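Let's have the full structure, built from the sequences with the hints guiding it.
There are 2 protein chains.
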Amino acid sequence: MENKVKIGLIGLGTVGSGVYKTLQDFDNVEITKIAVHNKNKKRNIENFNENILTEDGYEVVNDPQIKIVAELMGGCEPAFSLIKTAILNKKHIVTANKELLAKHGEELFQLAKENNVVILYEAAIAGGIPLIMPIKTILAGNKINKIKAIVNGTTNYILTKMDVQGASYEDVLREAQDLGYAETNPTGDVEGFDAAYKITTLATIAFGKRIKFENVYREGITKIRPQDMQAANEMGYKIKLIASAELDEEGRADVRVHPMLVPYNKALAHIDYVTNAVTLTGHPVGEITLAGPGAGEFPTASSVVGDILAIISEIGLTDYILPMMRCSHSENAQMVEISETMNKYYISITSKNNLGVIGRIGNACEKNNISLSSIVQKEVVKDRSADITVITELCKEKDMQNFIKALNEDDSIIEVNSLIRVQI
Amino acid sequence: MENKVKIGLIGLGTVGSGVYKTLQDFDNVEITKIAVHNKNKKRNIENFNENILTEDGYEVVNDPQIKIVAELMGGCEPAFSLIKTAILNKKHIVTANKELLAKHGEELFQLAKENNVVILYEAAIAGGIPLIMPIKTILAGNKINKIKAIVNGTTNYILTKMDVQGASYEDVLREAQDLGYAETNPTGDVEGFDAAYKITTLATIAFGKRIKFENVYREGITKIRPQDMQAANEMGYKIKLIASAELDEEGRADVRVHPMLVPYNKALAHIDYVTNAVTLTGHPVGEITLAGPGAGEFPTASSVVGDILAIISEIGLTDYILPMMRCSHSENAQMVEISETMNKYYISITSKNNLGVIGRIGNACEKNNISLSSIVQKEVVKDRSADITVITELCKEKDMQNFIKALNEDDSIIEVNSLIRVQI
Chain A
1 MENKVKIGLI GLGTVGSGVY KTLQDFDNVE ITKIAVHNKN KKRNIENFNE
51 NILTEDGYEV VNDPQIKIVA ELMGGCEPAF SLIKTAILNK KHIVTANKEL
101 LAKHGEELFQ LAKENNVVIL YEAAIAGGIP LIMPIKTILA GNKINKIKAI
151 VNGTTNYILT KMDVQGASYE DVLREAQDLG YAETNPTGDV EGFDAAYKIT
201 TLATIAFGKR IKFENVYREG ITKIRPQDMQ AANEMGYKIK LIASAELDEE
251 GRADVRVHPM LVPYNKALAH IDYVTNAVTL TGHPVGEITL AGPGAGEFPT
301 ASSVVGDILA IISEIGLTDY ILPMMRCSHS ENAQMVEISE TMNKYYISIT
351 SKNNLGVIGR IGNACEKNNI SLSSIVQKEV VKDRSADITV ITELCKEKDM
401 QNFIKALNED DSIIEVNSLI RVQI
Chain B
1 MENKVKIGLI GLGTVGSGVY KTLQDFDNVE ITKIAVHNKN KKRNIENFNE
51 NILTEDGYEV VNDPQIKIVA ELMGGCEPAF SLIKTAILNK KHIVTANKEL
101 LAKHGEELFQ LAKENNVVIL YEAAIAGGIP LIMPIKTILA GNKINKIKAI
151 VNGTTNYILT KMDVQGASYE DVLREAQDLG YAETNPTGDV EGFDAAYKIT
201 TLATIAFGKR IKFENVYREG ITKIRPQDMQ AANEMGYKIK LIASAELDEE
251 GRADVRVHPM LVPYNKALAH IDYVTNAVTL TGHPVGEITL AGPGAGEFPT
301 ASSVVGDILA IISEIGLTDY ILPMMRCSHS ENAQMVEISE TMNKYYISIT
351 SKNNLGVIGR IGNACEKNNI SLSSIVQKEV VKDRSADITV ITELCKEKDM
401 QNFIKALNED DSIIEVNSLI RVQI
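Protein chains in written order, with our numbering: chain A, 1 to 424; chain B, 1 to 424.
These are calculated hints, taken from the structure and not from any lab test. Predicted model, so just to flag it, every value in this text is computed and none were measured. Even glycine gets a Cβ: it sits at the ideal position worked out from N, Cα and C. Worth double-checking, as some hints may not be accurate.
To spell it out: a stretch of chain B is covered by chain A in this simulated footprint if at least three of its residues, at any positions, have a beta carbon under 8 Å from a beta carbon of chain A; those stretches are [unchecked claim]:
| # | stretch |
| --- | --- |
| 1 | 120-134 |
| 2 | 140-153 |
| 3 | 305-312 |
Following this line, the structure appears as structure tokens:
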């Protein structure tokens, strides 16, 4: 009993319960205190000792017996303050809090370094998928320069359902909310904030340079239409919300979250419903894809427990836990502005069925240095308007925005319905 | 210079060259000796110092300066003897040698334990894919009970080509040999030995119980016909050579390599050409799939270098490298005999087009406790024979073999063309 490492939990919701249950099988660990919002809430855990509950998080982070604090409550405050106190008290931290890491990671990792403790966060990005630990250990010989990832289950569920059912975003969102896959206020997911938190931290560890959350370009999925899904399918693509990060040859980072047309021959095109997947490209390894459950009680617990066991395996053996410390990146990444990035685009346009519309679109392209890869016009008989679908070659985002502006100012164009980037 | 860890390589072929080139970027490592077959062979490596070459492997494993020996020559001897000597000389071992691990892993890991050194082998299974290190670290909280894997690039290349081109095994094998994807004597790959070596070691580490190579059931891909590919496609499957390992509820292991019909909705169905992929199922993580390049100079080097860096990060810090030691499994797994396993089967039968053939097949099924999931008969007009394709429900392998025997003894059955198990 003396040799058990004492753990404190902050939060006993879905993930916390999974961690509690999973750790019961390990005799080298003992959870001695858990901070919760309401001590009297009924818990669905067998043989649960309610005496270890407290409603004061500081009882956990100030407990001198506790060596590791697992923060599983989410959100910035009070999590940020509690973790800072825990670090000052020389406790190692395991967290699943992607928002906190994206917004305050720099300060936290610096503080951890000063206090000779580690912060591990495998569960914060892509739930149960082994990702952060492999990057820090077995992939340590690599220069990773590209990440393409599906890291938000809610939006991937919605997009998959829209694709399979031909249904509208609004209808599928409502269904997802009824099933508990989307929150009542879905903004954090559908506008890409959650994915942006995750790619901020993932790109930082993979590139070894700090990415700032406020520099991550972000678009959500709320404007995706069933017609776009269908057009994409006809051309051999699936529409996915992609968290993307690339380093260019000068070492500048391009980090963003937006919908993309993903070609069928890419692994990410086949990742459906709430499954997450991350494709990493680097040298010498080449391209690898890691896929699995991105959320949920037990998958997330797998990563939290993995981090806890990793710390325990080194506690007392060394003064300085080395392989896991590679998080305090003092160098900030130089960023590429979204307007300067090169992309392929899918564009859906509704035009009056005038003579010469295609010619006018072609001229606007030429004026803005845009080459077309394909253009398809389908006539809608009812109102004599025409649906035009365009795929471009690689062109600059700034030129594309000027092109769209020109289209919007053209009288024969009724509407530019969609502008979605295409993965290459 | 004093702080560089000295490394010896055994083998400087494709993988060895990749490791040599990759390690040039790291200042904490120095390769001081390399054993090769022929010192005078021209090496395609920039600024290569030929003075560190030797034709005597014992010069590497007996060198008191060398802390880590990376064995990259393959095959059992002299690799086995060299590694044993290196271990007795207290050197840590990194190896990509799947055959050696499968056949002599037990002895090697025991010897390593006695000498307080580690043997790491990420590169031996699925090349660049992070697999062994994640299982030992971030997935350590899991009980893994199921592995389905594509771990042989040559056979996956051949099967993909057969599928895409509708070509015969023999034609595609010849093409693969011309391109260097298959060896002149392809037995090790096409008969499933290579995959069996890998699943032996992978299942041992994942299940925490030692699997013996001689207990792994094995069938190759040489009997797969283009007609089987086509029939599988029509029913929503791809045929893949699957390395499979499962633990049943009593903890008995069922480990085997054979072709399988993999349903389209499984990730492995979409792994094509030389790509490898491993699907692990366990609690609490659920199902994860790790995919990437399974061979080649640089992907394999990624894993070898990752192992080397992992050892270096702990050398001198501790007397006992803990997290990576979980390989000395004293407990042998209890095995399930293949005849006792339950499977779904795809069967292709050519029969005389007699009245009552379907009835006779049905009766033979009933007699052997086999339920049919589907049966399709297509008439071949030319010789009045009929092609019959059957998919069964789950049934026992022993019953299936009796059923096949009954079919072979039936005068109205011309031939049982194929018997392939179906992944569920």
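Here is what the structure says about each hint:
Under the rule that three or more residues need a Cβ within less than 8 Å of chain A, the assignment of the stretch 120-134 of chain B holds, with 7 such residues. Closer than 8 Å: that is the beta-carbon criterion, and the stretch 140-153 of chain B has 3 residues meeting it against chain A, so the requirement of 3 holds. Three residues within the 8 Å Cβ limit are the bar, and the stretch 305-312 of chain B against chain A gives 6, so the coverage statement holds.
When the structure is compared with the earlier hints, no violation turns up for any of them.
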